[in-house]
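Student: Okay, here's what each chain looks like letter by letter:
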Amino acid sequence: MDGMHDLGGKEGFGPIAVTHEDPAFQADWEGRMYALSQTVGSSDMSIDWFRFLAELLPPEAYLSIPYFEKWCLVALTGFVNAGVFTEEEVLAGGGESEIAASAVQSVEAVLAAVKAGCTDFSRHYAREPAFAVGDEIVTQRHGVPGHTRLPSYARGCAGRITAYHGAHLFPDAVWQRIEVALPLYTVSFEARELWGPEAAGGDSVMLDLWEPYLLVR
Amino acid sequence: MDGMHDLGGKEGFGPIAVTHEDPAFQADWEGRMYALSQTVGSSDMSIDWFRFLAELLPPEAYLSIPYFEKWCLVALTGFVNAGVFTEEEVLAGGGESEIAASAVQSVEAVLAAVKAGCTDFSRHYAREPAFAVGDEIVTQRHGVPGHTRLPSYARGCAGRITAYHGAHLFPDAVWQRIEVALPLYTVSFEARELWGPEAAGGDSVMLDLWEPYLLVR
Amino acid sequence: MSQDDKRDRAKVAEIHRKLHSHLPPDPALRVKALESLAIERGFVARETLDAWVEAYSERIGPKRGARVVARAWIDPAYRARLLQNATEAIADFGFEGNATGHLKAVENSADLHNLVVCTLCSCYPFSLLGMSPGWYKSAAYRARAVREPRAVLAEFGVDLSAEVAVRVWDSTAELRYLVLPQRPAGTEGWDEERLAALVTRNAMIGTDRDLSAGGD
Amino acid sequence: MSQDDKRDRAKVAEIHRKLHSHLPPDPALRVKALESLAIERGFVARETLDAWVEAYSERIGPKRGARVVARAWIDPAYRARLLQNATEAIADFGFEGNATGHLKAVENSADLHNLVVCTLCSCYPFSLLGMSPGWYKSAAYRARAVREPRAVLAEFGVDLSAEVAVRVWDSTAELRYLVLPQRPAGTEGWDEERLAALVTRNAMIGTDRDLSAGGD
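Chains as they are written, first to last, in this note's numbering: chain A, 1 to 217; chain B, 1 to 217; chain C, 1 to 216; chain D, 1 to 216.
No lab work stands behind these hints, which were simulated from the structure alone.
Just so it is clear, CB atoms sit at the ideal spot from N, CA and C, and this is done for glycine as well.
Careful, some of the hints might be misleading.
[To be verified] Covered stretches of chain D (in silico footprint by chain A; criterion: 3 or more residues with CB under 8 Å from a CB of chain A, positions within the stretch not fixed):
{"id": "1", "region": "8 to 19"}
{"id": "2", "region": "45 to 58"}
{"id": "3", "region": "100 to 109"}
{"id": "4", "region": "115 to 126"}
{"id": "5", "region": "151 to 164"}
{"id": "6", "region": "198 to 205"}
Sequences and hints are given; from them, build the entire structure.
Tutor: Structure, rendered in C-alpha cells:
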C-alpha cells in the first residue's frame, strides 16, 4: 500500500532534532504504552498486522502524532476490530473498577521475557531459492494493495544480491493470517540508481527483500 | 522535489466529502485570501515560484491546513523571502494605521481584470519538437530537486503522445527566474502501466508533459 | 539548480516553519495579517478586495460553464469550435480569463467518461467555473482520482459499467480541462437557457455524468 | 487480497478515524484508556507494566550494545563471531531478545561508513540498544537517511570526506543491524569496561563515527 508510512526519500522535511543521550521514555505515557504493547496482545495480532494497522492510520495523523500514540491507536483499533473491546468502551476511557488481577511479573521476570522474545522468523524451505549471491536483479515496478515491505523508492530499480538468509515469514501473506515463508535476500542498490545523479557516487542503500519483490535482470 | 504535494496515487485517504453545490467561499477569510492573491503580488513572483513555495511548506502542515491558508503562508513567506515584509512585521500581524490608499477597483473593473488574466504561456520555438503525435515514449525515472511537473506516479512509465501544444514556459526553469519555453505534449498512459494489474483495463490517465520529462521508447 | 539566495529552498522552508509555528493558528487571523500589511503598504485598497470577493461570489461561477455546454449541445458549429479551441470559443461569452488561457474541452460519450484533477496542486479553470469545490482541493480527491477513479465516481453516485472507459486528465501544466457532458434525453427543442439549468458543476469536472431533464 | 472481514482495510481505517477524532487529543489520556481496559479485563497487572518500564529504563539500554562493541575490539575471535552471527554472539551476555532474533553487525572502516534506518516504520534492536531515540522515529530521519545520508550525518556533526562511502541499511525486514564503529586511537591496552564507556548509542546506529578516547 502506497501509504504515508512509506517515507524513504520523501523531501521537504526539516532538520533532524539531534540528540546524543536520552531517557528511555520521554514521558510516562510512552513507557506505559511500550509496556502495554509487550504484554497485552490478542491471538489475532501479528507483527505484520500491527504494522499494517499503523499504515492504515489517517495520513495526516500518521504524520503528526507521536510514535507511541500511533502504537496506542493501533492497539485500540486492533482490539475493536477483533471484537475484544467495543468503540463505546474505548471512547468511555475504560471503567474504574479493577476486576481481574493477573499474575504480576517482577523486573527479573520481564528481563527473562525480553530474552524469550528473541523470535526466529526463518522457516524451512523445501525449494531452491531463485537467486544467488552476486545475481543482478530488478525490483517490481508496482506496489500491492496490502501490507508489503518493498519501499516505493526502491521500486523498478536495479540491484545486486549480497546475501541470502533462507526463507523468512512473508509479510505480504502474514498480515492476512497466511503463514508462508519465502527466500529473503539482502540487495545492494547504488545511490545514483535510486536517486539519480544528485546522489554521491559510491554510496549505496541495502535492503532485505523477499523473492517476490525481485525479477531477473 | 518529492514533496508532500505530489499526492497522485497515494493511498490511505478516506472517503471524499462530496458536495454538489457550494458557495464560492466557505468562510470570509477564504474570499479575502483569494482576492489578495489576485491583487497583491511582487515582481519576484511567478506561478511556478508560487507553487514551489507551497511545495516547501512543512509536510505535516501541507497535509493538514486548509487550501487558502496554504496560499496565505505562501504569500507571507514569499514576501518575507523577497524582503518586502520582515518576519517581525508579519508576526506582529500588521499595524492599525492605513497609510497609503491605492486606487479602488469596482466589480466591473474586477471582471475586466479577470478577463485580462487570460495568460498565454506559449512561446515561439525555433527548433523542431523531438516527438510527434503517436510516438511511444517513456518518462524520466528520477525526480529533480527543484520545482517540476512530472508527478512521481508517472515516472519511469511508458506512454503515447496524443497532442503537441507548441512550446510552453518550462516550470523547472521559470521558478528560478529563467524564462525558457520547451515543447509540451499530452501523453496518454494506460492505467495498468501506472498502477499495475489492479487497475481497470481500458482506463487511462492523460498528462501534459514537457519534452525533458520524456525519453524515446 | 540555481544557488541564488532568493531561491534558496532551505531558507524558504525555514521561514515557513517559523511563520507557521508562531502565527496564531486561526487562518482568519493569518489572512488578516496579510491583508493589514498589504493595505498599510498601499498594495491594494480594502474596497478592491471586497469587489473581488463579490465578483467571484455573484458574477463568476459554474453557470458560465453551463452556458457554454448548453450552446455546444444546440449548435454543432459551436461544439466543433469548442473542441478545437475552447479558449476562443468561451470568449464568445467573455468567459476567458484567469486559468483559461489554454482551455481544452473533452467530450463524454456512451463509452468514454472524462474526469479532471490536478494531483500536484489544485489547478482549476477559475474564470469559467468559478471557485473550485472543497473536495476538488482535498488530498483525498487528488490522491485517489488518478488511481481509483471508479471508486471516486461511485462516491459521487456515478456507477460506471466496465464498458465505459475512464480517461483522467491530470492538469498539472497550464492546460485546463472542461468536460463536455452528454446531452440528456428528453430535451429535444429546449433552448440554451433551459438546457444550461441542467448542467451541474460536477458534470463539467467529471464527477457527475448522467444529467437529467428532470420531471421523473 | 483476502476478503476476510477481520482484515478489511476500509473498516479498520474507519475505526481509526472514529477513535482518532473522538478520543481526547492528549496521548496520555489515550494510553490511560487502553491501560484501564486492559487491567479491567485482567489482560495485565498494573505492577507488571511498572516492571516493564523499569526494565527498559534501568536495565536494558545502549550500554548493552557498548559492551558488545568493546569486546569485539578486544577479542578478534569474538569480533569474527559477531560479524558471522550477531544474535549468537550477543547471547554471550544474555542480550538477545526482542527484535534481535536476526541481528547483523556491520563494520565501519577507514573508507566505509554504515548507517541504519527503517523507512517503513522504525524497527530497532530493542533488547540490545533499548528504546530508540526520538529522532530515529521521526519522519525527517526516515525520509532523509536513505536519500541524503551525508546531509543527515552532517547535522549529527559527522562530516565525511568523499573518499568514505556511505552504506545505508534500511532495515524493513526482520533483520536488525548493529554498527560496529572503529576503535579510537589511543586506547591500546584498555579493558572492556573502559572501552565500553567510549561507545555512544549513535555510533551503533551510525549517526556518530569518530569515537574519542577523551582527554583532548
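Student: Run every hint past the structure and note whether it holds.
Tutor: Here's how the hints hold up against the structure:
Here the region 8 to 19 of chain D counts 9 residues with a CB under 8 Å from a CB of chain A, which clears the bar of 3, and the coverage holds. Figure legend: the region 45 to 58 of chain D, annotated as covered by chain A; annotation consistent (14 residues with Cβ-Cβ distances under 8 Å, at least 3 required). Using a Cβ-Cβ cut-off of 8 Å, 3 residues of the region 100 to 109 of chain D lie near chain A, which meets the minimum of three, so the contact claim holds. Closer than 8 Å: that is the beta-carbon criterion, and the region 115 to 126 of chain D has 6 residues meeting it against chain A, so the requirement of 3 holds.
For the region 151 to 164 of chain D, the stated coverage by chain A holds: 5 residues have a C-beta nearer than 8 Å to a C-beta of that chain, and at least 3 were required. Interface restraint, the region 198 to 205 of chain D with chain A: holds (3 residues with C-beta to C-beta distance below 8 Å; minimum three).
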